[in-house]
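Work out the full structure: start from the sequences and follow the hints.
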Amino acid sequence: MTYKLGVLVILLVLCTTLINAVLQPKAPNFQYFERPKYRYPYYDENGVGRLLYGYGDDKLYQYKVFSPLEGIH
1 MTYKLGVLVI LLVLCTTLIN AVLQPKAPNF QYFERPKYRY PYYDENGVGR
51 LLYGYGDDKL YQYKVFSPLE GIH
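When we follow UniProt numbering, the leftmost residue of the sequence shown carries the number 1, and every step to the right adds one.
Please keep in mind that the hints were generated in silico from the structure rather than gathered at the bench.
Mixed in with the good hints, there may be bad ones.
Unchecked claim - Ranges between beta-carbon positions, derived for each pair:
{"hint": "1", "residue 1": "Y3", "residue 2": "Y38", "range": "47 to 53 Å"}
{"hint": "2", "residue 1": "R39", "residue 2": "Y3", "range": "55 to 61 Å"}
{"hint": "3", "residue 1": "D44", "residue 2": "L5", "range": "44 to 50 Å"}
Glycine included, each C-beta is placed from N, C-alpha and C at the ideal position.
Here it is, written out as structure tokens:
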């Protein structure tokens with residue numbers, strides 16, 4: 001009886017550890033010379049969006065091309 005209880009406790013601990021590891025969000029780990037695949041929109045401290053984008057560092061860039069079909073890019 002205690003053997004079954006011990007196995008059950010171990011399985012429960014392993015399952016909760018696995019679930020916590022899977023559900024943890026992970027930030028992208030870009031090297032200093034790499035550029036991410038996606039551009040991120042810029043929002044100021046008041047939450048207002050600007051027509052700027054960045055790649056996760058402190059530099060911001062302006063969008064250069066606008067087409068009605070694809071929008072600003």
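Each hint, compared with the structure:
1. Y3 to Y38: 47 to 53 Å: holds, 51 Å
2. R39 to Y3: 55 to 61 Å: Given about 57 Å between the Cβ atoms, the range holds.
3. D44 to L5: 44 to 50 Å: With Cβ atoms ~57 Å apart, the hint is violated.
In this structure, only the earlier hint numbered 3 is contradicted, and the remaining ones agree with it.
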